[in-house]
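Trainee: Start from the sequences, fold in the hints, and give me the full structure.
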Amino acid sequence: DAKTTQPNSMESNEEEPVHLPCNHSTISGTDYIHWYRQLPSQGPEYVIHGLTSNVNNRMASLAIAEDRKSSTLILHRATLRDAAVYYCILGEGAQKLVFGQGTRLTINP
Amino acid sequence: EAGVAQSPRYKIIEKRQSVAFWCNPISGHATLYWYQQILGQGPKLLIQFQNNGVVDDSQLPKDRFSAERLKGVDSTLKIQPAKLEDSAVYLCASSLTGIGYTFGSGTRLTVV
Numbered sequence: 001d002a003k004t005t006q007p008n009s010m011e012s013n014e015e016e017p018v019h020l021p022c023n024h025s026t027i028s029g030t031d032y033i034h035w036y037r038q039l040p041s042q043g044p045e046y047v048i049h050g051l052t053s054n055v056n057n058r059m060a061s062l063a064i065a066e067d068r069k070s071s072t073l074i075l076h077r078a079t080l081r082d083a084a085v086y087y088c089i090l091g092e093g094a095q096k097l098v099f100g101q102g103t104r105l106t107i108n109p
Numbered sequence: 110e111a112g113v114a115q116s117p118r119y120k121i122i123e124k125r126q127s128v129a130f131w132c133n134p135i136s137g138h139a140t141l142y143w144y145q146q147i148l149g150q151g152p153k154l155l156i157q158f159q160n161n162g163v164v165d166d167s168q169l170p171k172d173r174f175s176a177e178r179l180k181g182v183d184s185t186l187k188i189q190p191a192k193l194e195d196s197a198v199y200l201c202a203s204s205l206t207g208i209g210y211t212f213g214s215g216t217r218l219t220v221v
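Listed in order, the protein sequences are those of chains A and B. For what it's worth, our numbering labels the leading residue of the first sequence as 1, then goes sequentially. For what it's worth, our numbering labels the leading residue of the second sequence as 110, then goes sequentially.
Keep in mind the hints are simulated off the structure, nothing from the lab. It is possible that part of the hints are untrue.
With a straight-line cut-off of 27 Å between C-alpha atoms, the simulated BS3-like cross-links for lysine-lysine are [unchecked claim]:
(1) Lys153(B) with Lys69(A)
(2) Lys120(B) with Lys171(B)
(3) Lys171(B) with Lys153(B)
(4) Lys153(B) with Lys180(B)
(5) Lys3(A) with Lys180(B)
(6) Lys180(B) with Lys124(B)
Sample of chain B residues lacking proximity to chain A, with all beta carbon distances greater than 10 Å (derived) [claimed, not checked]:
(7) Val113
(8) Arg125
(9) Gln126
(10) Asn133
(11) Ser136
(12) Tyr142
(13) Asn160
(14) Leu169
(15) Pro170
(16) Leu193
Think of the CB as a built atom: it goes at the ideal place given N, C-alpha and C, for glycine as much as any other residue.
Mentor: Below, the structure is given as structure tokens:
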């Protein structure tokens with residue numbers, strides 16, 4: 001399984017943008033980049049995914065480097081409800097998602 | 110749409126006892142997954158079903174864990190006998206296309 005590297009933890013302030021980095025230097029040409037987040041005492045929640053181009057949805061934006069060896073999840077205006085563990089995962093289409101340790105995001109009021 | 114339903118929400122058993130977890134996926138989702146999440150770690154895939162067939166069970170400890178998916182809809186995961194190290198949250202997820210899983214809230218198992 002292709003591997004990703006994320007910081008263990010990050011901290012940001014409410015109403016500010018948050019940029020969560022992910023390195024995936026061994027990504028293959030057919031791997032999608034998926035982001036999930038897990039709020040306390042809940043199952044993971046889908047956030048966004050992309051292949052080559054940057055992606056936007058109502059929750060976040062995904063910026064993918066031109067060489068695809070890294071990506072950044074962008075929360076445009078963090079709220080306290082965005083405090084969670086964020087997982088960056090590589091997967092080829094319908095292949096099983098292999099979760100790593102993720103980044104624990106803390107939002108300060 | 111209704112989410113992925115799991116029950117029970119919590120379960121406490123003694124070691125060597127058996128336990129079963131139930132999952133009802135989103136209607137129409139052909140793919141169903143069971144994950145185990147130990148405290149402080151990311152979820153680990155145990156088994157993947159496509160309709161009622163097993164696609165991947167390479168990480169399932171088959172000497173004590175079993176799973177089935179009845180008629181390609183509901184699924185049960187069983188542990189018999191349980192060990193202390195099985196204490197974890199058991200998460201069920203379903204997917205229509207494999208892109209974008211929907212997870213249930215999980216069953217928190219404590220083995221004492």
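Trainee: A separate judgement is required for each hint: does it hold in the structure or not?
Mentor: Tested hints:
Between Lys153(B) and Lys69(A) the CA atoms are separated by roughly 24 Å; this keeps the pair inside 27 Å, and the hint holds. Using a Cα cut-off of 27 Å, the hinted pair Lys120(B) and Lys171(B) holds, with the two alpha carbons roughly 21 Å apart. For the hint linking Lys171(B) to Lys153(B), the alpha-carbon distance of about 15 Å falls within 27 Å, and the restraint holds. This hinted pair checks out: Lys153(B) and Lys180(B) have alpha carbons roughly 25 Å apart, not beyond 27 Å.
The suggested pairing of Lys3(A) with Lys180(B) is violated, with an alpha-carbon distance near 35 Å, which exceeds 27 Å. Between Lys180(B) and Lys124(B) the alpha-carbon distance is near 31 Å, which puts this suggested pair outside the 27 Å criterion. The claim that Val113(B) lies off the interface is violated: its Cβ sits roughly 8 Å from the closest Cβ of chain A, which falls inside the 10 Å cut-off. Every beta carbon of chain A lies more than 10 Å from that of Arg125(B), the smallest distance being close to 28 Å; the non-interface claim holds.
Under the 10 Å C-beta cut-off, the non-interface status given to Gln126(B) relative to chain A holds; the minimum distance is some 25 Å. No beta-carbon of chain A comes within 10 Å of the beta-carbon of Asn133(B); the shortest separation is about 14 Å. Even its closest Cβ contact with chain A, about 18 Å, leaves Ser136(B) beyond 10 Å, as expected for a residue assigned away from the interface. Some Cβ of chain A comes within 10 Å of the Cβ of Tyr142(B); the nearest lies about 7 Å off, and the non-interface call is violated.
The claim that Asn160(B) is not at the interface with chain A holds, since no C-beta of that chain comes within 10 Å of its own (minimum 13 Å). The Cβ of Leu169(B) lies farther than 10 Å from every Cβ of chain A, with a closest approach of about 12 Å, so its non-interface assignment holds. Pro170(B), annotated as away from the interface, keeps every beta carbon of chain A farther than 10 Å; the closest lies near 17 Å. With a least CB separation of 22 Å from chain A, Leu193(B) remains clear of the 10 Å interface cut-off, as annotated.
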